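The lines below spell out each chain.
Number of protein chains: 2
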Amino acid sequence: MHQQGRPRVVIVGAGFGGLWAAAALRTAPVEVELIDRHNYHTFFPLLYQVAAAELAPGDIAHPVRKIIRRQHNASFTLAAVTGIDPTSKTVFTDAGDRPYDYLVLAVGSTTRYFGVAGAAEHSYPLRTLEHAIKLRNRILGAVESAEQLGGTAAKANLTFVIVGGGPTGVEFAGALQELLNGPLRRDHPRLDLGDARVIIVETGDRILSIYPKRLSRYAGRRLRRMGVELRLGTTVASVDADGVQLAAGERLESTTVVWTAGVGGPGALAEWGIATDQAGRAAVLPELNLDGQPDVYVVGDSSQPGGLAAPMVAQNATQQGTLAAKNIVRAIEGRPLEPYRYRDLGNMAVIGRNAAVVHLGGRIAVKGYLAWVMWLSLHLAKLVGFRNRIAAVLSWSGDYLFRDRVARLIMSSPDDSQSN
Amino acid sequence: MHQQGRPRVVIVGAGFGGLWAAAALRTAPVEVELIDRHNYHTFFPLLYQVAAAELAPGDIAHPVRKIIRRQHNASFTLAAVTGIDPTSKTVFTDAGDRPYDYLVLAVGSTTRYFGVAGAAEHSYPLRTLEHAIKLRNRILGAVESAEQLGGTAAKANLTFVIVGGGPTGVEFAGALQELLNGPLRRDHPRLDLGDARVIIVETGDRILSIYPKRLSRYAGRRLRRMGVELRLGTTVASVDADGVQLAAGERLESTTVVWTAGVGGPGALAEWGIATDQAGRAAVLPELNLDGQPDVYVVGDSSQPGGLAAPMVAQNATQQGTLAAKNIVRAIEGRPLEPYRYRDLGNMAVIGRNAAVVHLGGRIAVKGYLAWVMWLSLHLAKLVGFRNRIAAVLSWSGDYLFRDRVARLIMSSPDDSQSN
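As given, the protein sequences belong to chains A and B, one line each in that order.
Residue numbering for the first sequence follows the numbering used here, starting at 1 and increasing by one per position.
Residue numbering for the second sequence follows the numbering used here, starting at 1 and increasing by one per position.
Since the hints were derived computationally from the structure, they do not count as laboratory data.
From a predicted model like this one, the values you see are computed outputs, not experimental measurements.
Be aware that a few hints might be false.
A few chain B residues facing chain A, derived, Cβ under 7 Å [what the hints assert, rightly or not]: (1) Arg65; (2) Phe92; (3) Asp94; (4) Pro99; (5) Thr152; (6) Lys155; (7) Ala331; (8) Ser377; (9) Ala381.
From the structure, some residues in chain B lie toward chain A, with a derived Cβ separation under 7 Å [stated by the list, open to error]: (10) Leu78; (11) Thr82; (12) Leu246.
Even for Gly, the Cβ is constructed at its ideal location relative to N, Cα and C.
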């Protein structure tokens, strides 16, 4: 504690960046306070599976207190940060003020709509667990509506437009198509789910543009064979309550538009007086701290170290969180800080049953069944918590063996319940 | 379908009564339409475990479409019923009108507050999955607040008052005490959870009054040994935002008051023009249909067959649902209807680790470890769905072996999310 004279490190955000920073301080002579507005950590890479009713929300969420339980120099505070005062070195939260000697901001990202008219109002983002639950409810509700309405209204309810052909858009499109073709087809024997359409709209000329062209082509082929439609080289002109207008002229009538096209730094950084780049990410020094506020570090999706390409993925957040922690220890010990260097351990995206793409270390490209097994093994190993792993195995086994989904509940929120 | 000339049986409610009625019509020459405002069936007997973070919501919810998938004469409609016209034999819903030849209303129950001032506004009911999620969030949030606030405010946040010493109140009290003493104590090493109080307020002179006195006494002893306080022979005078005023004079400062004391028929029945008794349950004939509307049956918690004591438990609902279905078939075939006779198969309530009470057929009383094993076996067998059973086994094993809870996530609702 502060009173004991050990430096206080306050970490804001219990995502990958924040958790890895806390863990890297485990043996350091500091007191760590981790602050998050949720009491759970979300395993973001599998968020799309919650949205596609493949995993239950609890399968990818893990209580923060349980994760840090064995770390004796760390405590957790459930609170939302409302501001920062660098002069008095204080973090303001809705649970009171917190003094810091070192501050690590790992506050994630927000969805960017690039000024597309109606996009923020009429599309579903997919960046938090709440988003995933809301989108899952929407998809299942749309299919229910389609069965009740019939005709043109049914078609719009069975048309799912996914804006963005990056990993999130591609993985979600594959999972959604399998949900529609399998479990929902069996659940709705009186509905012609052959009418259902899943359409990816991508500005670039190929999906998964961060992968080698060969893997993009494979992913496109697999998706098309599954029935997913691709609109490449096309931007979205506007989104409204009834669908999407493409800049190329095509109109897509749809009641479910999913926006995976843009991610930026959270608006809160600028509100807290931190200089950001045009994508809203904090412009940090190569050592990940702020110019003029060397005790404040920003890591993960919310950070853009000067001149470096730091992709907004989990491995970047964990590497940055770890380096920030190590640099804090170096600062305490009076040693020089080290600059960030992103080590690309590889990228993988799953397209569907037995199909994935894997790109390792910028060199090795794997696709198909082998890539899918690699994806499965890695994600199982990384899912935080034994029970979450078991639950995921069960869900996935059921999905694989019986082509069924276990989590297709339209779970209304506690506050809009019709019951009383 | 109606066009095919087969009688249309509309069943409102996919709880135990509605599902069992549908199942009992599997081979009958009728078309069954099951209507519910949720797309899932809730396994109510384990609701209190969701509230105590022992099971995840999905563990006790199962998609209705999946349950009735193999029943070829049944369909499902996700809709809320808004009214009934017995003259034209039509059910009005927010998804359109539905003609019926026979109607089964299995619309459950509602919480009754007996006019206690502030009870409806300031206490947490525990009757639906949404209630359980909201209560779980409240409990976990109260403990977080206690750690942040300290002092008197902490004490009120660590005081949990449960109004009603029936099975729900007793089972929830035991599960909550174990949650506080085990997982939450480990999660909050800086908080003295010895300050936490769980208090049952019961009007009668003993808890579990439907059980033999011997079992009530055992349950009371076990609860007290676990640390649960009992206030017997005491009514609640009023509930407010800061706690509970007992009629006997005692004041309990508490931010979490749980109301399990009263259950009645749903208000909707009266709105739909159906005669109800003073508890709001439909006054049906012994054959479970309405006097003057012989084609309309009311079953389960929402039904009170004339002169019979029909307890508001799952086995009463399944038995009534089954009889209503059989009487519909008898009516179609021109045979006389049969009156309802409740067969008490037994009651069981779990108090805590290795402790339960079981009362079979009004004769055999079992308590302790053996009763607990009986409880476990029965509930596992009855949990709808293979995956739900596995998930429950995993949760319970983790709970039992590691004295830990897997589901302690404060999952905010999709609509009040702070994220964007």
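(request) Hint by hint, work out which the structure violates, then give me just those numbers in ascending order. (result) Violated hints: 2, 3, 4, 5, 6, 7, 8, 9, 11, 12; rest satisfied.
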